[in-house]
Amino acid sequence: MGNDALSAEQETAPPVDYPAVQRSPEFQELRSTHRKFVFPVLGACLVWYFGYVLLASYAHDFMSTPVFGHVNVAMLLGLAQVVTTFAVTTWYVSYANRKLDPRAEKLRDEIEHADFAPATEETAR
Amino acid sequence: MSFTALTASAAASASTGVAAEAAPAASPGEPWLNIAIFGAFVAITMIIVFRASRNNKTAADYYAAGRSFTGGQNGSAIAGDYLSAASFLGIVGAIAMTGYDGFLYSIGFLVAWLVALLLVAELLRNTGKFTMADVLSFRLRQKPVRIAAATTTLVVCFFYLLAQMAGAGGLVSLLLGVGDQLGQAVVITVVGALMILYVLIGGMKGTTWVQIIKAVLLIAGAGVMTVWVLALNGFDFSALLENAVEVAENPAILDPGLKYGVSDVSKIDFLSLGLALVLGTAALPHVLMRFYTVPTAKEARKSVVWAIWLIGIFYVFTLVLGYGAAALVGPAVIAGAPGGPNSAAPLLAFELGGPLLLGLISAIAFATILAVVAGLTITAAASFAHDIYASVVKKGKPEPGAEVKVARRTVVIIGIVAIIGGIGANGQNVAFLVALAFAVAASANLPTIVYSLYWKRFTTKGALWSMYGGLASAIILIIFSPVVSGSETSMLKTEAIDFAIFPLSNPGIVSIPLAFFLGWLGTVLDKGTEDPLKQSEMEVRSLTGVGAEKATQH
Chain G
1 MGNDALSAEQ
11 ETAPPVDYPA
21 VQRSPEFQEL
31 RSTHRKFVFP
41 VLGACLVWYF
51 GYVLLASYAH
61 DFMSTPVFGH
71 VNVAMLLGLA
81 QVVTTFAVTT
91 WYVSYANRKL
101 DPRAEKLRDE
111 IEHADFAPAT
121 EETAR
Chain Z
1001 MSFTALTASA
1011 AASASTGVAA
1021 EAAPAASPGE
1031 PWLNIAIFGA
1041 FVAITMIIVF
1051 RASRNNKTAA
1061 DYYAAGRSFT
1071 GGQNGSAIAG
1081 DYLSAASFLG
1091 IVGAIAMTGY
1101 DGFLYSIGFL
1111 VAWLVALLLV
1121 AELLRNTGKF
1131 TMADVLSFRL
1141 RQKPVRIAAA
1151 TTTLVVCFFY
1161 LLAQMAGAGG
1171 LVSLLLGVGD
1181 QLGQAVVITV
1191 VGALMILYVL
1201 IGGMKGTTWV
1211 QIIKAVLLIA
1221 GAGVMTVWVL
1231 ALNGFDFSAL
1241 LENAVEVAEN
1251 PAILDPGLKY
1261 GVSDVSKIDF
1271 LSLGLALVLG
1281 TAALPHVLMR
1291 FYTVPTAKEA
1301 RKSVVWAIWL
1311 IGIFYVFTLV
1321 LGYGAAALVG
1331 PAVIAGAPGG
1341 PNSAAPLLAF
1351 ELGGPLLLGL
1361 ISAIAFATIL
1371 AVVAGLTITA
1381 AASFAHDIYA
1391 SVVKKGKPEP
1401 GAEVKVARRT
1411 VVIIGIVAII
1421 GGIGANGQNV
1431 AFLVALAFAV
1441 AASANLPTIV
1451 YSLYWKRFTT
1461 KGALWSMYGG
1471 LASAIILIIF
1481 SPVVSGSETS
1491 MLKTEAIDFA
1501 IFPLSNPGIV
1511 SIPLAFFLGW
1521 LGTVLDKGTE
1531 DPLKQSEMEV
1541 RSLTGVGAEK
1551 ATQH
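Chain order of the listed sequences is G and Z. To convert, note that position 29 of the first sequence is 29 in this note's numbering; the numbers rise steadily by one, no gaps. To convert, take the position in the second sequence, counting from 1, and add 1000; that gives this note's numbering.
None of these hints come from the bench; they were simulated from the model. Honestly, I wouldn't trust all of these hints.
[Said to hold, decoys possible] No more than 20 Å apart at the CA atoms, straight line, and that leaves these computed lysine to any residue pairs for SDA-like:
1) K1302/Z <-> L42/G
2) K106/G <-> E1549/Z
3) K1302/Z <-> D101/G
4) K1259/Z <-> V73/G
5) K1534/Z <-> R108/G
6) K1143/Z <-> D1531/Z
7) K1456/Z <-> L1119/Z
8) K1550/Z <-> E105/G
9) K1057/Z <-> E1399/Z
10) K1298/Z <-> E105/G
11) K1298/Z <-> E110/G
12) K1302/Z <-> V41/G
13) K1405/Z <-> D1061/Z
14) K1143/Z <-> E1399/Z
15) K1267/Z <-> L46/G
16) K1456/Z <-> K1534/Z
17) K1129/Z <-> P1400/Z
18) K1298/Z <-> E1549/Z
19) K1456/Z <-> P25/G
20) K1298/Z <-> R98/G
21) K1550/Z <-> T1296/Z
22) K1302/Z <-> V83/G
23) K1129/Z <-> L1119/Z
24) K1259/Z <-> F50/G
25) K1143/Z <-> L1453/Z
26) K106/G <-> K1550/Z
Take these sequences, add in the hints, and give me the full structure.
Here it is, written out as structure tokens:
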């Protein structure tokens, strides 16, 4: 305690039993909450992107169909890619704020307050 | 910068053409006005860099700007780093000349950011300190993995640097009317020297501010021109397209395929490029390093969100500007101007706002090169000093201050190498440099980044096989591709020497899956396992932010 002021960085942090944290249901939940969003959403975005690239490469007639005025399907699909990128970004941020950050923060607090310190060692705080 | 790939052959042929004719008369505007505006930019940013550098004491200050930037600031800097002169001049020119196919590129570059946002940014911020190698070597064997990661970092940065410096020579002929090789060499030297100064004095903080200022100027300049072009067409995008078709006398500029739909090989080539672009961005070392300049993973997330919005909006601007240049200047005029397609945006600026707007846009284009080159240099220097010198040579225990000293020396060496390489590569086909950089990043770095963050079983052998296998396959395939030999537009500039046995210009479609496969194969064949404690620590830290590097206090 007394040399808190001396040590600048992580030296003051209590030792953490990371495998115990990793096994804990709270962490498993955080991990699956993260993965069940990022994997399918990113997968869908990449499929949508490569679908668009394939259309642009192999479906010229379809892409050249005028929709209104001189604006054709290709133009709209391209702008749709921009729009979906913005939409997914916004969606992920709100998901992270609602579902990921609170869980991560709670775990971080618990760890930093030595709830997961190895039983044999005396905790610093 | 990646758009250099798009217009590189045109730029290369144009710059040699200009060297032959030395026709400054064809360059509109006032070169001295351009230089004066650029000089003002340098002066202002220098002052800011000096002020910002006062607090550069520790390695965290020098490499990571004390982790004190906000998400918004860092996001702007990322946009400034990502939107290079080539992307501004190159894409506008590509759309003006080849129509829709130019726009296809920007989509790849934008969607790529979702990989960075969803998979990489936050976890990387939570587990690393200064460089990409910090994350890759976290739970694997330090020495070999760090050396491999530093090698791929240096290779990617080197080819990016060369492309930027070579591009600077082409820009000069276009914007300042400096046509001869010697004049261009002088300008490349000046750009290199300025860059060394920025990075030496300002470190990451100074570099970041240069990138922020440049991003604001670039996006604002493009925005003003976009609104202007739309206003001239009664804010009717369809009318703008109609005018573009009329002036170009070619309705096909609205459809995909004008450039890449020529043959089956060109279509597969485009797929390959698309793959490299979309997977390369999240593995570019200088982009990854930017995530360490913010205090928390949440701010890293905000950075990417800012970057995505800024970059996305900018690409929509370039769609209008490209067709605007086709409508107001005309492809025939652009093709005949010094710099070829790269001159579309400056010519459009001249058409809209006369010499003053041209001067502003030209100065922004120069500022762009400076900012991008500075970002690459500090990344390469940090990787050498932190990963090779401090972690491998000094086994993680360098003398106090020695690491930053080595980093600064490395900056000077990299700067000089970049100047010499840039002069040597001036007028070269820079496409192969950029293709190499993206393909190397996607093949050599991305599989290992993804595996080490998400695959528990991943081992050192898998990492080394994937990184060296990805690096080697990308480089070898490029050497045997049409970019290096076999045609007048290739790097060797002759049809006489032809060893282009690989038909594609971009190796991504082969080398990226191969690197993922090698990472898996090396791991399953590895009899040993890695320390499970380290795996637990990395996973817990990456998701919760426990023990993440904090911002430094001053």
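Status of the hints after comparison with the structure:
no.	hint	result
1	K1302/Z <-> L42/G	18 Å, holds
2	K106/G <-> E1549/Z	19 Å, holds
3	K1302/Z <-> D101/G	13 Å, holds
4	K1259/Z <-> V73/G	18 Å, holds
5	K1534/Z <-> R108/G	18 Å, holds
6	K1143/Z <-> D1531/Z	15 Å, holds
7	K1456/Z <-> L1119/Z	15 Å, holds
8	K1550/Z <-> E105/G	15 Å, holds
9	K1057/Z <-> E1399/Z	14 Å, holds
10	K1298/Z <-> E105/G	11 Å, holds
11	K1298/Z <-> E110/G	19 Å, holds
12	K1302/Z <-> V41/G	19 Å, holds
13	K1405/Z <-> D1061/Z	13 Å, holds
14	K1143/Z <-> E1399/Z	19 Å, holds
15	K1267/Z <-> L46/G	18 Å, holds
16	K1456/Z <-> K1534/Z	10 Å, holds
17	K1129/Z <-> P1400/Z	17 Å, holds
18	K1298/Z <-> E1549/Z	13 Å, holds
19	K1456/Z <-> P25/G	18 Å, holds
20	K1298/Z <-> R98/G	13 Å, holds
21	K1550/Z <-> T1296/Z	7 Å, holds
22	K1302/Z <-> V83/G	18 Å, holds
23	K1129/Z <-> L1119/Z	18 Å, holds
24	K1259/Z <-> F50/G	18 Å, holds
25	K1143/Z <-> L1453/Z	19 Å, holds
26	K106/G <-> K1550/Z	18 Å, holds
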